[in-house]
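S.K.: Just so we're aligned: the sequence shown equals residues -29 to -1, 1 to 350 in mature numbering (1 follows the signal peptide of the UniProt record, and there is no 0).
Hint data in this document are derived by calculation from the structure and do not stem from the laboratory.
All figures in this text were calculated on a predicted structure; none of them were measured in a lab.
The beta carbon of each residue, even a glycine, is placed where N, CA and C say it ideally should be.
Mixed in with the good hints, there may be bad ones.
Simulated restraints, written as ranges between beta carbons of each label pair [stated by the list, open to error]:
1) T134 x D266: 16 to 26 Å
2) K211 x E136: 14 to 24 Å
3) E183 x Y210: 14 to 24 Å
4) T232 x Y210: 42 to 52 Å
5) K239 x L17: 36 to 46 Å
6) D92 x N311: 36 to 46 Å
7) H301 x W274: 23 to 33 Å
8) S314 x D92: 42 to 52 Å
9) L259 x L324: 15 to 25 Å
10) S54 x N294: 35 to 45 Å
11) N269 x K292: 43 to 53 Å
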Amino acid sequence: MKKNSSCLYRKNHVLFIIFCLFLSFVSFANNSLEASLSNNLSIKKLWSKKIGKKFNIGLIPCVVDEFIYTASCDGVLVKLELSTGEIVWKKNIDCSSLSAIVASNSIVIVITDHGRILAFDNEGSHKWTSNVIGNVYNQPIIYENIILVKCGNSSINAFDVNTGEKIWSFNDPFNFIASYVYSPMLIKDSYVVTSFSNNKIVSINIYNGALEWEKTISKNLSCIDYNDLFPVIGPLLSYKKNIYFLSDNGYVTCFNEKNQTEELWSKKTLSSNGISIYDGYIYSFDELGNLLKLDANNGDVIWSKSVSKKRLVDKTIPLLKDNYIIFADHDGFLYVTPNNDVSIFTRVKVNRLMLSPIIPTCNGVLLHTMDGRLTFINF
């Protein structure tokens, strides 16, 4: 009896030691991982502030120097300090809804849902008012002393920053119906490049509105009806002398701006959001949540890795900043992972209603959510 008890004691003692060693190993591994992450990156939510009732995809906050200019759908326009979130000034715009905002170090522009353009200086004083025909669903662009506004009817309008006088208007000759698609403009040298209807990508002179070139997207790159609108998903991108885009059926395509007739390469992926480019590589998420890294020179896939089992934020495009990849999921988490090792990451809880894009700042990122809240994450 004593012998059996002694054997049982020794057996339990050995099992206990093994268990402790296992816990020690797990703890060491976890501590090593946390230490590795904390040594490389400290991520925290600095502040979060309610701006208005709602944001939409066209109301992308603008970071100018040490300030943020943002507006909500219900007509609230504010200027905030980036570091603290404190409101510098606030205005209530008399309108049914705001649809877009853009700002520089000298002017703030907001556009209502009926195409009314309102300009303010950086102290919030009204400067001028103008109009466009059609709703605006994409963020305008300020280039030198010109404001470019793309409307849902596929027209692009240029206005003088100082007076609001219209300089020129370019109307898509292939447009059949209005479009609500998010299709941002790209500035390339002194031209604005954007996607238009009937599978067209065009380049327009910023100063006079003249058409420089147009490119027809190959039928096999789009799964929609050829007479439908906007097969391009997300923004057009530029790297060196090439232009890149993602089509609606998952092709990432590259062509040279001087020879638009033929694609340099086109690779089929499962991407359904948009693409970003950083240091000669293209990044995108596929519909399964895998992060893809492609060589911008030839489209070869460098790697495809699963970085999140959660559903990602709609239209999420990975942000590359300071050698980190940043993205968000539908559970309200913001993820930050090293560009050279996506097997490890850190994350912070923000809000389940995050909108794309994630906005880079000098020492972190800015997030806006559908419920009208602005959050600054520092790292």
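S.K.: Run every hint past the structure and note whether it holds.
M.R.: Here is how each hint holds up against the structure:
Checking the proposed 16 to 26 Å range against T134 and D266 shows it is violated: the Cβ atoms sit about 46 Å from each other. Range check, K211 to E136: Cβ separation about 36 Å, and the 14 to 24 Å hint is violated. One distance hint, 14 to 24 Å for the beta-carbon pair E183 and Y210, holds here, with the actual separation near 19 Å. Between T232 and Y210 the beta carbon distance is about 20 Å. The supplied range of 42 to 52 Å is therefore violated.
At roughly 41 Å, the beta-carbon separation of K239 and L17 lies within the given 36 to 46 Å, and the hint holds. For D92 and N311, the Cβ-Cβ distance of about 44 Å falls inside the hinted range of 36 to 46 Å, so the restraint holds. Distance hint for H301 and W274: a CB-CB separation of about 24 Å, consistent with the stated range 23 to 33 Å. Taking the beta carbon of each, S314 and D92 are about 49 Å apart, inside 42 to 52 Å as hinted.
For the hinted restraint 15 to 25 Å between L259 and L324, the CB-CB distance of approximately 23 Å keeps it satisfied. Between S54 and N294 the beta carbons are some 23 Å apart, a value that contradicts the proposed interval 35 to 45 Å. The given range of 43 to 53 Å is broken by N269 and K292, whose C-beta atoms sit roughly 25 Å from each other.
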